[in-house]
Amino acid sequence: MDIDAIKEISLVDFLHRLGFDPTGRDSKGLWFYAPYRNERKPSFHVNPHKNVWFDFGTGEGGDIFTLAGVLSDKTDFVEQARYIAEKMDMPVAEPYKPVPFVEEPTFENLEISRLESPALLRYLEQRGIPKEIAQRYCVQVDYELHGKRYYAIGFENNAHGFELRNPFFKGSYPPKNITHISEGNPRCNVYEGFIDFLSAERLGYNDGNDSVVLNSVANVGKAIPVLAEYPLILCYLDNDTAGRAAVARLRREFGDRVSDKSALYPDHKDLNDYLQSLTPKKTSKLKL
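Per this note's numbering: the sequence shown = residues 542 to 829.
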């Protein structure tokens, strides 16, 4: 299976192989009926020059691999490539069988404490997050990595792992999971990361609402059982393909109960970027 060759496959050719041909065209590309749902009017658009697609009916979009993921319900890149290769009658190699190995711990000697580091609080302040909000939801995580000591802002998830962040590092201490902040409210906000959640807290968007922080759009599936209990789901996700795809998946699950709130910050990549645009900049050198 030649991944480079798959990348070069035309989306138009791929859709033709699936039995879908253009119904019309405009200055930027071609219109199709969406290949994964029934619709009366074509709303699936392909730009042949960029080899990307966008579904105006669901808000989903991406490249040929993203489309293969929607069609096959596969999130693994290799499985998406295999699906494309099979549909295009391309040779598929035998699956690679890696040599088993024992995973060694990466983080050692963790210490959890109140978030008091001036450098970490200053970093959050420069991103528009005040100290009182940061200390309400975050902790300080001191840890050892490859024999050296570090510290970071920690945000706990439902499985008692932590998202870790400092000015120079973005990672997590396993296990990876969502964070559900429940106050018994009937509405739930959804955020990709905890910085966006803290930004919403600063902006007042969380008043009267529960929250789910995905800690990665890959965790959407883990959030679905939790979100199923809410009659209204408000999505404050990133203005990118991954964010739109996450909203589209939630809409497939919950329909009109899902509201996309990214229109509140259309010219910004995410909610924190929007918050920073409202916050006067303070210049100071960050040191850890």
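One or more hints might be untrue.
As the list claims (entries may be wrong) - Label pairs and their calculated CB-CB ranges: (1) Gly688 - Lys615: 36 to 46 Å; (2) Ser654 - Pro715: 33 to 43 Å; (3) Thr782 - Phe709: 39 to 49 Å.
To be verified - Cut-off 20 Å, straight-line C-alpha distance, at most; resulting in silico cross-link-like pairs (DMTMM-like, lysine to aspartate or glutamate): (4) Lys802 - Asp748; (5) Lys628 - Glu697; (6) Lys802 - Asp781; (7) Lys628 - Asp562; (8) Lys711 - Glu697; (9) Lys615 - Glu627; (10) Lys810 - Asp797; (11) Lys569 - Asp604; (12) Lys711 - Glu627; (13) Lys569 - Asp545; (14) Lys717 - Asp617; (15) Lys615 - Asp543; (16) Lys672 - Asp748; (17) Lys591 - Glu549; (18) Lys763 - Asp617.
By construction, these hints were calculated from the structure, which means they are not laboratory data. From the three backbone atoms N, C-alpha and C, an ideal C-beta is built for every residue, glycine too.
Checked hints:
no., hint, result
1, Gly688 - Lys615: 36 to 46 Å, "39 Å, holds"
2, Ser654 - Pro715: 33 to 43 Å, "20 Å, violated"
3, Thr782 - Phe709: 39 to 49 Å, "27 Å, violated"
4, Lys802 - Asp748, "15 Å, holds"
5, Lys628 - Glu697, "42 Å, violated"
6, Lys802 - Asp781, "13 Å, holds"
7, Lys628 - Asp562, "15 Å, holds"
8, Lys711 - Glu697, "14 Å, holds"
9, Lys615 - Glu627, "14 Å, holds"
10, Lys810 - Asp797, "24 Å, violated"
11, Lys569 - Asp604, "16 Å, holds"
12, Lys711 - Glu627, "37 Å, violated"
13, Lys569 - Asp545, "25 Å, violated"
14, Lys717 - Asp617, "17 Å, holds"
15, Lys615 - Asp543, "19 Å, holds"
16, Lys672 - Asp748, "18 Å, holds"
17, Lys591 - Glu549, "11 Å, holds"
18, Lys763 - Asp617, "16 Å, holds"
Taken one by one, the earlier hints fail for this structure at numbers 2, 3, 5, 10, 12, 13, listed in ascending order.
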